[in-house]
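2 protein chains.
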Amino acid sequence: MYLCAMNFSSKLLENAVDEFGRLPGIGNKTALRLVLHLLNQSEHDVARFTQTINLLKEKIQYCKECYNISDNDTCEICLSNKRDKSIICVVEDTRDVMAIENTNHYQGVYHVLGGLISPMDGIGPSDLKIEGLLERIRQGDVLEIILALSATMEGDTTIFYLYRKLKDLDVKISTIARGIAFGGELEYVDEITLGRSIQTRVPYERNIG
Amino acid sequence: MYLCAMNFSSKLLENAVDEFGRLPGIGNKTALRLVLHLLNQSEHDVARFTQTINLLKEKIQYCKECYNISDNDTCEICLSNKRDKSIICVVEDTRDVMAIENTNHYQGVYHVLGGLISPMDGIGPSDLKIEGLLERIRQGDVLEIILALSATMEGDTTIFYLYRKLKDLDVKISTIARGIAFGGELEYVDEITLGRSIQTRVPYERNIG
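If you're matching them up, the sequences are chains B and H in order. Numbers given in the numbering used here equal positions in the first sequence, counted from 1, plus 58. Numbers given in the numbering used here equal positions in the second sequence, counted from 1, plus 58.
Only chain B is shown next, with the shape it has when bound in the complex (with noise of 0.2 Å):
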């Protein structure tokens, strides 16, 4: 890959530039982009969009049960006496959330871990919230844990730690089905997924639910 040098008019320019740079996914290409795009709106839109991040600093809560962004001491969700409080989905982060509730499939509550175990970037157990976890477990009344966690190095690490740290408490441990996903076609299925979903495959009848 041809790395350009860039050569900055503007030390201003070039400051902004690096601080977009260093979002995820935002080369330095796209970051310059961005900024001449703010450059170009006017001083009130600026000053909003920095306030509105500043402030999501500033005032973002954490929900005290399960750990998801939150307006409040406690979010919605662990607040509804429509949600089954007897199921926990253990996820990854407020994403994850967003992506269960979009699929009107789940009524019990969350547990957001806020990362995954992962030793390339020194987080381990002890930065996620597993001990908040243990303690909802052990307050009783929780019968089922869902880990619903990424089909990555990472989410299996995840997955088998907390499977350890869960397996003696009283309560039943499950984790989302892996297979091929619908409208997926055989061919294109890489060979471990396939592999799989022939060794944990279910009766027909289970699937047509």
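Read the hints as simulated data drawn from the structure, not as lab findings. Check each hint, because a few of them may be wrong.
Put simply, identical chains are the same to the list, so a pair is met inside one copy or across any two.
[What the hints assert, rightly or not] Capping the alpha-carbon separation at 30 Å, the derived lysine-lysine pairs in DSS-like fashion look like this: (1) K223 / K117; (2) K143 / K69; (3) K187 / K223; (4) K230 / K140.
Let chain B serve as the given structure and place chain H on it in line with the hints.
Just chain H now, kept in the frame of chain B:
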């Protein structure tokens, strides 16, 4: 396309995602990823991010000669006595100046229009720094104007407008060469470019310099 309605657990979060989602090329999912990344940074880092943007918007200046972004009232290129002030390269914005500077093939000076004529976006000639360009030419000393604008409808419209304004002034007008890119394979070149590159073919000697 399936448009995912995002159910945010926090209004503060939603506002921040909205702000990022207004940036060009940033969809809602990317905006959420960027906002959650910022939320995971230290208060110090987030404050530096927003302060850098505010500072840019407050303190940025434009060169009074060529209207390029600058930290002073005249940019380094216009101040340099190594640059040939008799050739002015007309470009859309500061990114084009950076791209041409990176080639190391240009020793003249620039004129940054600040956009292209685009009736669809409500951008007319009066929104661009065209009067400043004419003023520079009227002061004498300028021998050649290079119109280095994008090969798009907006670029061509702007070139045509500038040509009509400039043709009666005592100055040579040229545009950058269009044709097949170096490394480009003929079969992948679009028909218009290929056809025009045959019509505007040049003697072999000129292409080996």
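Item to check | 30 Å Cα threshold - placement of K69 relative to K143 | outcome: between (54 Å within a copy, 24 Å between copies)
Next on the checklist: At most 30 Å between CA atoms: does that hold for K230 and K140 within a copy, between copies, both, or neither?
Outcome noted: within (22 Å within a copy, 76 Å between copies)
Checklist entry - Which holds for K223 with K117 at a C-alpha limit of 30 Å: within a copy, between copies, both or neither? => result Neither way: K223 and K117 sit 33 Å apart in one copy and 55 Å across, limit 30 Å.
Next on the checklist: At most 30 Å between CA atoms: does that hold for K187 and K223 within a copy, between copies, both, or neither?
Outcome noted: within (13 Å within a copy, 67 Å between copies)
Figure legend: structure checked against the earlier numbered hints; the only hint not met is number 1.
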